[in-house]
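Colleague: Produce the entire structure from the sequences given, and follow the hints as far as they go.
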Amino acid sequence: MIYFDNSATTKVDDQVLETYNKVSQNIWGNPSSLHAWGEKAFNLLEQSRKQIADLMHCNADEIYFTSGGSEGDNWAIKGTAMEKMPYGKHLITSSVEHPAVSNTMAHLKKMGFEVTYLPVDKEGRVSAKDLKAAIRKDTVLVSIMAINNEIGTIEPIDELAKVLEDYPKIHFHVDAVQAIGKGIDDLLANPRIDLMTFSGHKFHAPRGIGFMYKKRGRMIQPLIDGGGQEKALRGGTENLPAIAGMAKALRLLLDNETEKVAMQREIKQKIYNHIVNFDKVHIFSQPTAQFAPHILCFTIDGVRGETIVHAFEKYGIYISTTSACSSKKGTIAGTLNAMHVPESIASSAVRISLDEHNTMAEAEEFIKVFDQLYEKFKMINS
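Residue numbers (the UniProt record's numbering): 1 to 382.
Some hints could be false.
[Unchecked claim] Keeping only pairs whose Cα atoms sit at most 20 Å apart, straight-line, the calculated SDA-like set for lysine to any residue is:
#1 Lys231 with Arg218
#2 Lys11 with Pro168
#3 Lys129 with Glu165
#4 Lys368 with Asn273
#5 Lys129 with Thr116
#6 Lys122 with Pro287
#7 Lys248 with Gln51
None of these hints come from the bench; they were simulated from the model. Being a predicted model, the structure only gives us computed values, none of them experimental.
Modeller: Next up, the structure:
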């Protein structure tokens, strides 16, 4: 099997699974309990928080645990909107965000908020100039993803942050779900970022766990009220086995990150160099530093994306149609639509997404199968 769908989810690392099982079996007290067993669980919870904070180069009290990227995005956006509603009801985002952001914005519009959607260029990138022009006196939040989940565009976070330096009261949220461990740590460390959201299952941790960075002093309202966990900002008994596993997964991910990223770029480049030569192929993820090292989105004229996915699946190669969150709905890739790609082309879009476990040998096998399928599709469409 060749698994090229790592942007959808990753396999849980064996070491992470070992940690998860050990904690489940040996430290199953409630971290909120007053007795010694609860104290033992609480200590592990805070050790995990500190480990993540150290890896992210921030303070431990700036890390909050969530159930994943979707909850984190909802919390950052709705929490800001509710907290800052007395000061304004205008929000800014891009036209290429993940549904966890775009649908949250749509929900807030129904509640009376105004949302400005920044356009993107032919590579799916927003501009600092457009952000500057969109800011109003009543703007309270800007939410822009770090890496686009469909085509891998790296958004100009530093340029956007520079604009927002003149507007210190506006919260700046970055959806970094696709960005962790992909060689853009300098962007994620920008001091103007107020909120960042991450999902554990994108980097070999269990599903259903994630974390949010919230800068000290930035106020947001809870999304989940409960028993006072996470400094009374996120209620619910903490998923300690998954949290400990996620802390280990993050440490493993960032170990030798430069070498891992370089290998993913080489694999992407090899596949790109081959398929770019075919007449009926359109590629939307360039092999440059302005794009993520692990995502390659392309189309084959006249063949629907789901057809391409299932064709590769018959050879034991697993890819996806752009975002896994919307692939089964049969919707056109939102990013390509925002880039004004014709529907006849966008409906053919598929995505390869790599991680540090993929190999050059897998790329060579993919190319071999691609050639066979391309000839087959050409015969069908001729």
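Colleague: All the hints need checking, so say for each whether the structure fits it.
Modeller: Hints and how they fare:
1. Lys231 with Arg218: holds (14 Å)
2. Lys11 with Pro168: At roughly 40 Å apart (the allowed maximum being 20 Å), Pro168 and Lys11 break the hint.
3. Lys129 with Glu165: Given that 20 Å is the threshold and the Cα spacing comes to 14 Å, the pair holds.
4. Lys368 with Asn273: holds (13 Å)
5. Lys129 with Thr116: Holds, at roughly 14 Å.
6. Lys122 with Pro287: holds (15 Å)
7. Lys248 with Gln51: holds (8 Å)
Hint check: a violation occurs at hint 2 only; the rest are consistent with the structure.
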